[in-house]
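There are 2 protein chains.
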Amino acid sequence: MAKKRSKKAEKEPGLSELLRVPDGGERVDLGSYDARATPGGPEDKKAALAEIEQMGERLAGLQERLWAASTAGDRRRVLLILQGMDTSGKGGTVKHVIGLLNPSGCRIKAFKTPTPEELKHPFLWRIRKALPAPGEIGIFDRSHYEDVLIARVRGLAPRSELTRRYARINRFEQSLTGNDVTVVKCFLHLSYDEQRARLLERLDRPDKHWKFSPGDIDERALWPAYQEAYELALRRCATPRAPWYLIPADRKWYRNWAVSRLLLEHLEALDPQYPKADFDVEECRKRLLKGA
Amino acid sequence: MAKKRSKKAEKEPGLSELLRVPDGGERVDLGSYDARATPGGPEDKKAALAEIEQMGERLAGLQERLWAASTAGDRRRVLLILQGMDTSGKGGTVKHVIGLLNPSGCRIKAFKTPTPEELKHPFLWRIRKALPAPGEIGIFDRSHYEDVLIARVRGLAPRSELTRRYARINRFEQSLTGNDVTVVKCFLHLSYDEQRARLLERLDRPDKHWKFSPGDIDERALWPAYQEAYELALRRCATPRAPWYLIPADRKWYRNWAVSRLLLEHLEALDPQYPKADFDVEECRKRLLKGA
Numbered sequence: 001m002a003k004k005r006s007k008k009a010e011k012e013p014g015l016s017e018l019l020r021v022p023d024g025g026e027r028v029d030l031g032s033y034d035a036r037a038t039p040g041g042p043e044d045k046k047a048a049l050a051e052i053e054q055m056g057e058r059l060a061g062l063q064e065r066l067w068a069a070s071t072a073g074d075r076r077r078v079l080l081i082l083q084g085m086d087t088s089g090k091g092g093t094v095k096h097v098i099g100l101l102n103p104s105g106c107r108i109k110a111f112k113t114p115t116p117e118e119l120k121h122p123f124l125w126r127i128r129k130a131l132p133a134p135g136e137i138g139i140f141d142r143s144h145y146e147d148v149l150i151a152r153v154r155g156l157a158p159r160s161e162l163t164r165r166y167a168r169i170n171r172f173e174q175s176l177t178g179n180d181v182t183v184v185k186c187f188l189h190l191s192y193d194e195q196r197a198r199l200l201e202r203l204d205r206p207d208k209h210w211k212f213s214p215g216d217i218d219e220r221a222l223w224p225a226y227q228e229a230y231e232l233a234l235r236r237c238a239t240p241r242a243p244w245y246l247i248p249a250d251r252k253w254y255r256n257w258a259v260s261r262l263l264l265e266h267l268e269a270l271d272p273q274y275p276k277a278d279f280d281v282e283e284c285r286k287r288l289l290k291g292a
Numbered sequence: 001m002a003k004k005r006s007k008k009a010e011k012e013p014g015l016s017e018l019l020r021v022p023d024g025g026e027r028v029d030l031g032s033y034d035a036r037a038t039p040g041g042p043e044d045k046k047a048a049l050a051e052i053e054q055m056g057e058r059l060a061g062l063q064e065r066l067w068a069a070s071t072a073g074d075r076r077r078v079l080l081i082l083q084g085m086d087t088s089g090k091g092g093t094v095k096h097v098i099g100l101l102n103p104s105g106c107r108i109k110a111f112k113t114p115t116p117e118e119l120k121h122p123f124l125w126r127i128r129k130a131l132p133a134p135g136e137i138g139i140f141d142r143s144h145y146e147d148v149l150i151a152r153v154r155g156l157a158p159r160s161e162l163t164r165r166y167a168r169i170n171r172f173e174q175s176l177t178g179n180d181v182t183v184v185k186c187f188l189h190l191s192y193d194e195q196r197a198r199l200l201e202r203l204d205r206p207d208k209h210w211k212f213s214p215g216d217i218d219e220r221a222l223w224p225a226y227q228e229a230y231e232l233a234l235r236r237c238a239t240p241r242a243p244w245y246l247i248p249a250d251r252k253w254y255r256n257w258a259v260s261r262l263l264l265e266h267l268e269a270l271d272p273q274y275p276k277a278d279f280d281v282e283e284c285r286k287r288l289l290k291g292a
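Quick mapping for you: the protein sequence lines, in order, are chains W and D. The first sequence: position 227 = 227 (the numbering used here), numbered continuously. The second sequence: position 16 = 16 (the numbering used here), numbered continuously.
The shape of chain W in the complex, shown without the other chains:
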């Protein structure tokens, strides 16, 4: 027993463990999570930016290995799902975290209001079309979770259908993880007050007006319903193989640090390797040096 403990203590506890939402089906109470907290994080913004820069190099290196491995048949890939209220920083995370990577290997998809064609199909149809290929890092800015979030809050589907959707989502994500997709689901947890501050900033700056719509204030009026819908989605769809991570998002530097760190931990766990040459290196070198 003592031995086991000391072994565990040796291993640095990962951020993944710290931020992971329990998957036992317990009720999730978002009110009990402080959106300004910085669990496991650096002490301030300056330190965070320095660590993010360092992680950037490691992330890009691991991304290259993941891609290289795929050229030799390794089918593994990563899917990062970003969810959160308006202004919680989904777009900012893509810019600052995914911006650390080689854009060639990233498949980014921002899901908007479904088009008439998308509405003709089951809700996972457009999701499947946007999945990353082997070796890629896929990024979803919003996702199939909108179909149990806004769909619930706005009553876009009957309750019975919503209930079925949680199960469908879980089966879908299980099939992904069974097909070499590492699923990293991040809920960017923003406070009501911070959302007001961010919306006001968008109003104060003419170069941010384009990001604002009066409809954002109407959505804000539905805050409690959204929080409840998120609590349910986190509770029903936090599974051992496709866990949810709850990321306090009131501080942008912590949010970027935490998502970078989560991505890093998952890529390090995959530990992709450069493939070995399947050709005669020495012979090729000779051919090239002989004048070819």
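Take the hints with a grain of salt, since some may be wrong.
For chains that are exact copies, the list does not tell them apart, and a pair is met inside one copy or across any two.
[As the list claims (entries may be wrong)] Straight line, CA to CA, 20 angstroms or less: simulated EDC-like cross-link-like pairs of lysine to aspartate or glutamate:
hint: 1; residue 1: LYS95; residue 2: GLU57
hint: 2; residue 1: LYS290; residue 2: GLU53
hint: 3; residue 1: LYS252; residue 2: ASP204
hint: 4; residue 1: LYS95; residue 2: GLU53
hint: 5; residue 1: LYS276; residue 2: GLU201
hint: 6; residue 1: LYS290; residue 2: ASP280
hint: 7; residue 1: LYS286; residue 2: ASP193
hint: 8; residue 1: LYS211; residue 2: ASP280
hint: 9; residue 1: LYS129; residue 2: GLU118
hint: 10; residue 1: LYS129; residue 2: ASP271
hint: 11; residue 1: LYS129; residue 2: GLU161
hint: 12; residue 1: LYS252; residue 2: GLU283
hint: 13; residue 1: LYS252; residue 2: GLU201
hint: 14; residue 1: LYS208; residue 2: ASP271
hint: 15; residue 1: LYS129; residue 2: GLU201
hint: 16; residue 1: LYS129; residue 2: GLU117
hint: 17; residue 1: LYS112; residue 2: ASP74
hint: 18; residue 1: LYS120; residue 2: ASP193
Bear in mind the hints are in silico, worked out from the structure with no lab data behind them.
Fit chain D to the supplied structure of chain W, relying on the hints for placement.
The following block gives chain D in isolation, referenced to the frame of chain W:
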């Protein structure tokens, strides 16, 4: 006359002018262009890297404006086409130049050997599907030009068909520029010797073996035929509205600097603007402050 000249002298001559392939239908002789040259460029690698970093901020700012403008109906977008021999640095350009941008607004497509489905369609079919949407910056790593390059060298299509393709490509690109797409075609001009050095480096480094295939040496044997095919493509398809830029690519720092600079000049010429608010800013601020 003197006045005109002095006006021209006032304007800093852009890199676009310097690298633009003449569009009068004259024969292009690639042998007369030094692939190690650095026309208009900084004096050394160190200076280039510093300038690239500075340009990165301006590029990202212009990209945001382009995107913001598209949310208010501006349909303009940019398409950067990268062509060049193996190891000329198409992938490296995406990593280092496009890596300066917000990945959300980039639509990157690497064209490989056509799939059986793609082969069933006209050669521009797969190209049209990968075009950037309004506000986006599209990047093609290889393109429809492969259909007059490898297709010519490997005899994948009859000569009469190849001849028709130049005209089709020109019509296609005219239709793009007529539809608010700024087309920036970059030929990364590499020397035969530098290609050998880069292939040898891939052999020397086990972490680069995955980028190498013995077939690369066979393709290299066709170097003169490829150069001729490029000369023809540059000659036939350099048009006033969709010009070709010839970028000496033996020095990676110059290549990255030059493509960054070309992109910057084109975005600055577009001069996209943040859209004005189409809502009552003051009223929204009041609603938010009143407790919403």
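Now the hints, each set against the structure:
Taking the closest pair of Cα atoms, LYS95 and GLU57 come within 20 angstroms of each other both inside a single copy (16 angstroms) and across two copies (13 angstroms). Proximity of LYS290 and GLU53 under a CA criterion of 20 angstroms is satisfied in neither setting, with 43 angstroms inside one chain copy and 40 angstroms between copies. For the identical chains of this complex, LYS252 and ASP204 are intra-copy neighbours only, at 19 angstroms inside a copy versus 43 angstroms across copies, given an alpha-carbon limit of 20 angstroms. In this assembly of identical chains, LYS95 and GLU53 lie within 20 angstroms of each other by CA distance both inside one copy and across copies; the values are 14 angstroms within and 16 angstroms between.
Taking CA atoms no more than 20 angstroms apart as the test, LYS276 paired with GLU201 passes between copies only; the shortest distance there is 16 angstroms, against 52 angstroms inside one copy. For the identical chains of this complex, LYS290 and ASP280 are intra-copy neighbours only, at 16 angstroms inside a copy versus 73 angstroms across copies, given an alpha-carbon limit of 20 angstroms. Only between protomers do LYS286 and ASP193 lie at most 20 angstroms apart by alpha-carbon distance; the minimum there is 15 angstroms, versus 67 angstroms within a single protomer. Taking the shortest Cα distances, LYS211 and ASP280 sit within 20 angstroms of each other only across copies (14 angstroms), while inside one copy they are farther apart (55 angstroms).
With identical chains, the CA atoms of LYS129 and GLU118 are at most 20 angstroms apart both within one copy (11 angstroms) and between copies (18 angstroms). When the C-alpha separation of LYS129 and ASP271 is checked against a cutoff of 20 angstroms, the pair qualifies neither within a copy, at 27 angstroms, nor between copies, at 34 angstroms. Proximity of LYS129 and GLU161 under a CA criterion of 20 angstroms is satisfied in neither setting, with 22 angstroms inside one chain copy and 34 angstroms between copies. Taking the shortest alpha-carbon separations for LYS252 and GLU283, neither the intra-copy value of 53 angstroms nor the inter-copy value of 28 angstroms comes in at or below 20 angstroms.
In this homomeric assembly, LYS252 and GLU201 come within 20 angstroms of each other (Cα to Cα) only inside a single copy, at 14 angstroms, whereas the closest approach across copies is 41 angstroms. Only between protomers do LYS208 and ASP271 lie at most 20 angstroms apart by alpha-carbon distance; the minimum there is 17 angstroms, versus 40 angstroms within a single protomer. In this assembly of identical chains, the alpha carbons of LYS129 and GLU201 never lie at most 20 angstroms apart, being 36 angstroms within a copy and 38 angstroms across copies at closest. In this assembly of identical chains, LYS129 and GLU117 lie within 20 angstroms of each other by CA distance both inside one copy and across copies; the values are 13 angstroms within and 17 angstroms between.
When the C-alpha separation of LYS112 and ASP74 is checked against a cutoff of 20 angstroms, the pair qualifies only between copies, where the shortest distance is 19 angstroms, while the shortest distance within a copy is 32 angstroms. In the homo-oligomer, the alpha carbons of LYS120 and ASP193 never lie at most 20 angstroms apart, since the shortest distance is 38 angstroms inside one protomer and 56 angstroms across protomers.
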